[in-house]
Each structure stands twice: as C-alpha cells, then as structure tokens.
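**Student:** One letter stands for each residue in the lines below.
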Amino acid sequence: MNHALTLRIGPATFRIGAAWPQPIAQLQRLYAAYPDVTGQVADFTVRLQPTSMVRRWVRPSIFITGDHGLADAAPMSLSHGLLAAEMGMNLQMALGWRRHLLLHASSVEKDGCVLVMTGESGSGKSTLAALLGERGWRFMGDEFALLDLDSGAILPFPRLVSLKNRAIDVVADTVGQAHMGPLLAATAKGDIRHMVPRADAVARMGEGAMPALLLFPRFGHAPDIRPVGQGEIFMRLTQASTNYVALGEPAFVALTRFVRDVPARAIDFPTGEDAIAMVERLWEERA
Amino acid sequence: MSAALLVRALRDPASVTTLDATGWNGLIAAARAERLIGTLAFRLAEIAVPPAVQPILADARTDAAREARQALWEADRAVQALRPLDVRVILLKGTAYAAAGLRAGQGRFIGDLDILVPRDRLSAVEQALIAAGWEWVKKDAYDDAYYRQWMHELPPMIHRTRDRMIDVHHTILPLTARPKPDAAALIADAEPIADGLYMLSAEDRVCHAAAHMLADGDLQGGLRNLWDIYGLLAECDPSLLDQRAAHHGLRAHVQQARRLALALYGDGARLTLWDHLVRARLLARDGWGRETRKALVFAFFLRSHWLRMPPLMLARHLWTKWRKGHRPT
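Protein sequences, first through last, are from chains A and B. Quick note on numbering: the numbering used here labels position 120 of the first sequence as 120, and the sequence is numbered without any gaps. Quick note on numbering: the numbering used here labels position 88 of the second sequence as 375, and the sequence is numbered without any gaps.
To be clear, the hints were calculated from the coordinates, so they are not data collected in a lab. Hints are supplied without guarantee of correctness; some may be wrong.
Stated by the list, open to error - Cut-off 20 Å, straight-line C-alpha distance, at most; resulting in silico cross-link-like pairs (SDA-like, lysine to any residue):
{"id": "1", "chain 1": "B", "residue 1": "K581", "chain 2": "A", "residue 2": "R257"}
{"id": "2", "chain 1": "B", "residue 1": "K425", "chain 2": "B", "residue 2": "E440"}
{"id": "3", "chain 1": "B", "residue 1": "K581", "chain 2": "A", "residue 2": "M53"}
{"id": "4", "chain 1": "B", "residue 1": "K581", "chain 2": "A", "residue 2": "D200"}
{"id": "5", "chain 1": "B", "residue 1": "K611", "chain 2": "A", "residue 2": "R218"}
{"id": "6", "chain 1": "B", "residue 1": "K608", "chain 2": "A", "residue 2": "G248"}
{"id": "7", "chain 1": "B", "residue 1": "K581", "chain 2": "A", "residue 2": "F63"}
{"id": "8", "chain 1": "B", "residue 1": "K425", "chain 2": "A", "residue 2": "P50"}
{"id": "9", "chain 1": "B", "residue 1": "K581", "chain 2": "A", "residue 2": "Q40"}
{"id": "10", "chain 1": "B", "residue 1": "K581", "chain 2": "A", "residue 2": "R55"}
{"id": "11", "chain 1": "B", "residue 1": "K581", "chain 2": "A", "residue 2": "W57"}
{"id": "12", "chain 1": "B", "residue 1": "K581", "chain 2": "A", "residue 2": "M1"}
{"id": "13", "chain 1": "B", "residue 1": "K581", "chain 2": "A", "residue 2": "T13"}
{"id": "14", "chain 1": "B", "residue 1": "K581", "chain 2": "B", "residue 2": "A481"}
{"id": "15", "chain 1": "B", "residue 1": "K581", "chain 2": "A", "residue 2": "P50"}
{"id": "16", "chain 1": "B", "residue 1": "K581", "chain 2": "A", "residue 2": "Q49"}
{"id": "17", "chain 1": "B", "residue 1": "K581", "chain 2": "A", "residue 2": "A71"}
{"id": "18", "chain 1": "A", "residue 1": "K189", "chain 2": "A", "residue 2": "M1"}
Claimed, not checked - Covered stretches of chain A, going by a simulated chain B footprint (3 or more residues, C-beta under 8 Å):
{"id": "19", "region": "11 to 18"}
{"id": "20", "region": "41 to 47"}
Every residue, glycine too, gets a C-beta built ideally from N, C-alpha and C.
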C-alpha cells in the first residue's frame, strides 16, 4: 500500500498500510519511542483502505480490515484515521492472537506484581490505568491483558491509551499536551484522544509479572467495595476474552488458576481521585 | 503477486528459504486471505523458517487442529441426530478429508459441515435436524424458496447452541447448472470412513471438487479448492476418474481442474487460453492480501450467476435482489 509502517507492541508486530498518508504520519509521531522494527516480519497485517474507489478522494472513508476483518465493520472518516489504525490492530489481536489468553482488561504493575482491571467500555479501566501509570505504577496496557498459558504471568500490551469524553481533560492535565494525540471529535464512542504511555512502559514492554489483584471498576457510582464469587469471576473473564474458546483446554486451565489464585473485588467510585485512593488501599491490604 | 508466491511455496516448500521479510509478509497475508495458512504451515513443517515466522505457523497449526476437532464433533452430532432415520450421512469436502485423514485435509480450514443425503429423504432429515437444535439462517422467504426450488442443498441451518452451520446437499451442483451429476450413483458408491460416517468415492471426490470450483461459484477461495483437487487426484485412478467424470457430465471440468492443479501445484501442464484466464483469476491477490484484477474478478462473479441460471431467471433474480438492497461488492 502507498503508506505503511511496522510497529511492535508487547509481543505482537503489526504491518499497517493505508491509502492515505495522515493515519501513518500520526502513528509515526505517537509511536516514535517504540522499538524500530522496520522491515521485519509482522504477525499481522492491518489495512486502512477506501470503502470504494470514489471514497479515496471524495469525502474519504476508511474500511478497516487486514488478515482478520469483519465484513460489516462500520466505515470511518479519514479525520478519525488514527482511531481506525488502533481499531485495526485491536481487531487483529482479538480475532487472531493465540499465544496468550486475551483478557479485555487494563493492567499496571508495582513491585513485580500486577493489578488487572476489567470492565466494559466506560467502566473507567483505561483512565485508571493511565492515572496509576503517572503515580508510581508501570502502565502495562489499557485494552488487553495477556495471560501466559504456562506461567500464569500477565504480559504487557502497552499501545496508546484511548481516553474518552470526560476522561480526556482529567488525564491531559496530568500528563501534558506533548504526550497526547489529536482530539478525535464525535466518533461512534464520543470524543477520543490518545495518550502516549511513559517511557518505562515502552522500555519494559517485553516484561511480564504475576497477577496479584483483580478489580471490576465501575465509574459514576457512590464509593463501594464488594467481594465477587469465583464462579462469577470466571464467567465474567470468559466473556471478557476474545480467544478463550479458540485456545480450548489450556485457556480453561490457565483461567481456572488465575481465578483461584488472584483475589478480586468490585469497586464503585464517583471520581478518579476516589478510585486511586481505593485502589492503593486494596493494594496494601491484598495479602 | 503474492498469490503466486503462495502457490510456489505450496508447490516447493524449500523455495521459502530465499524470502526476505517483505516476501514473508506477502506470503503470510496471501495465505491468510486465501484461507491456506494452515495448509502452508503443514507444508513448511520441516523447513527452517525465520524465528519471527515460527510462532505464526505454529499458531496456524494449532488453529487447524482445533478446526478439525470441531468439524468432527459437528459431524458426530449430525450422525447422532439422523441415526433414527437410517440414512447414510455422506460427508463432503473439508470434514470428509479430516475424518478420513486425507492429504487434502492437512491444515485445511473447515467452515460449514457439508453432508449429502438422498433427495427423497430431505424433509425427514430437515425435521430431525430441527428437532436436534439446528435452525434456519435465512429468514427471507425469497431466499428460502430459491434454495428449495433451484439449489443442490437446503437453505443453510445453524445450530442453536454450538453456532455451527450445516449444509444438507442432495446433489453436488445447483439444479439450474448445465451438468447434471448422477446423485444416486454418488450415494450408492460412497465409502465408509468410521462410526456411521461416509464419504464419496475417490473419483467422485475429484468430480465434486472440480464441479464446485469450475461449474459453480466465482472462484473465491479457488486456490484452496485447487489444492484440495491436487491432493485428491493422487488418490484416484486416472482412467476410472475419466469414466466417472464423463458419467456425471463433468469431463471438461475435471480435465481443466487437473491441468490447473498440475500447472500451479505440480510439474506443469499445457494450458488453454481459457485455463490462462482462470489461472489469472486464481492469482489475483497482492502482497497486502488484497484482491487485484478487479475487472477480471467481477467478470467471474457475473459468470457464476450465468452458470447458475438461464438468462430470464437471472434477470428476475437480480431484479428481486436489487429491490431488496443487495449490491455486488
């Protein structure tokens, strides 16, 4: 394709091709600190191609596809090209990654132990991981936590953090504009801005650690901390995984061990500050 | 052209040792787009490949093993559902190759479960499958009527809990196609595999694969179909195949399939002008996994409709589909 870039994020390498220069230029700027893997063999190919020949030039419209794709994927405006590239990489991971159990979760690490946070879009897991990453934790990922099938460790997948709506200002004020991508206004999920993870998150992106706490965060509620039963945890994590079924028995064994060994809580919080205080306290008490 | 690279790698696995990263990226993208990545992974099992390629191929082999396991379980469920009817369940295509351990089945992507049953038992089979949890996919009355009147199979069904599709065939080509294969002979000469499972005879397997590829459809996935044919040809007797193909009215198709299979995957063959066109369509895939040669691809799409329907019927069909909002892509 006319414009292309190869990126490595955690254990996965992506070859991203686009019919237009803008998405690639934006990726180049925001992923500048990531390892240079130009000219290497990629695990996945992502393609940002015009939805039709006309739509390359007139009101440009992106069809996101690649090695793995969805025939009915919604077209995106070229002004949201960066988001399209990120979604294209997520799509490849969600449908094609087989080397770890994928959990739709954010994760951060401190003292060699990992905190995993899972929840639906809007639960606050991305924002929390981004904020903790600025306060002494190592950011590991805001979209996928990779559970190693043999060792039970969580491996990082620290792509750009995708922040939505109200979370944008909260985080941008903390990290500064230089670490932020362009504002992508009025996407299907509202306003989105991407944040570049800190240098240590990128430098240590090959380094996993054992999980020590699992949280189910929920933003926008009065503060509350609840225990969660192991059966419920197991079911929610199978739903939060896109490759649990594809991996078969090894995934069942690894997930069973994760649920048995890792303490878990559901937490409700009204603001990011409340959430951080709750997380730090639960982290201290986890043993 | 990366489809050409894929064909070369399948024909001569050692040829990949000269590939650079761009070559590998193109080969992998083309193999995934053609759903031949599992097959490729098996072909390259003994070849030294770069470290970054090893896990990609290992993943493909694991996926293929799971595909085969799921496909065999689906076949087992269908046999179980149809046991009271005393109907032979004849497996077609991928599931048959996997069940019988044929070379064509190694690493093969397997989509739906395809079975063949006698046409006069079709409604009993349909009822038994519905009772066992399969349900209709097409809710559209026109599509449903179209399948029942003109196709070689029932409208596709999907299992309610396992989410897997089954296509119940009563012959191997649409009733509107010009060749009229002898369905009774296909069924009478089927071979047992195991546990109440049957497959077509070696010669009929080639006839079916050739008919499917060249007398029906638009050659989407044609490289995979042709790889099947290449493997299946090695398992049958050439003179028996000739007789059998003539009996089914598929002689020209089988001969063309053999020429193409040898030209692309074997030691070569003399191709006709028409063969060259089909070959160009089969290789229409670039290093990013994109379809190329759009005009040629579209021409084969039009041809697939022409093959299935006489002109008046085609006109009526396209008009109905257009009003429902379908557009060719």
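**Student:** Give a verdict on every hint.
**Tutor:** For each hint, the structure was consulted:
no., hint, in the structure
1, K581(B) / R257(A), "51 Å, violated"
2, K425(B) / E440(B), "13 Å, holds"
3, K581(B) / M53(A), "11 Å, holds"
4, K581(B) / D200(A), "47 Å, violated"
5, K611(B) / R218(A), "43 Å, violated"
6, K608(B) / G248(A), "40 Å, violated"
7, K581(B) / F63(A), "17 Å, holds"
8, K425(B) / P50(A), "30 Å, violated"
9, K581(B) / Q40(A), "30 Å, violated"
10, K581(B) / R55(A), "17 Å, holds"
11, K581(B) / W57(A), "19 Å, holds"
12, K581(B) / M1(A), "16 Å, holds"
13, K581(B) / T13(A), "30 Å, violated"
14, K581(B) / A481(B), "44 Å, violated"
15, K581(B) / P50(A), "15 Å, holds"
16, K581(B) / Q49(A), "15 Å, holds"
17, K581(B) / A71(A), "18 Å, holds"
18, K189(A) / M1(A), "28 Å, violated"
19, 11 to 18, "holds (count 3)"
20, 41 to 47, "holds (count 5)"
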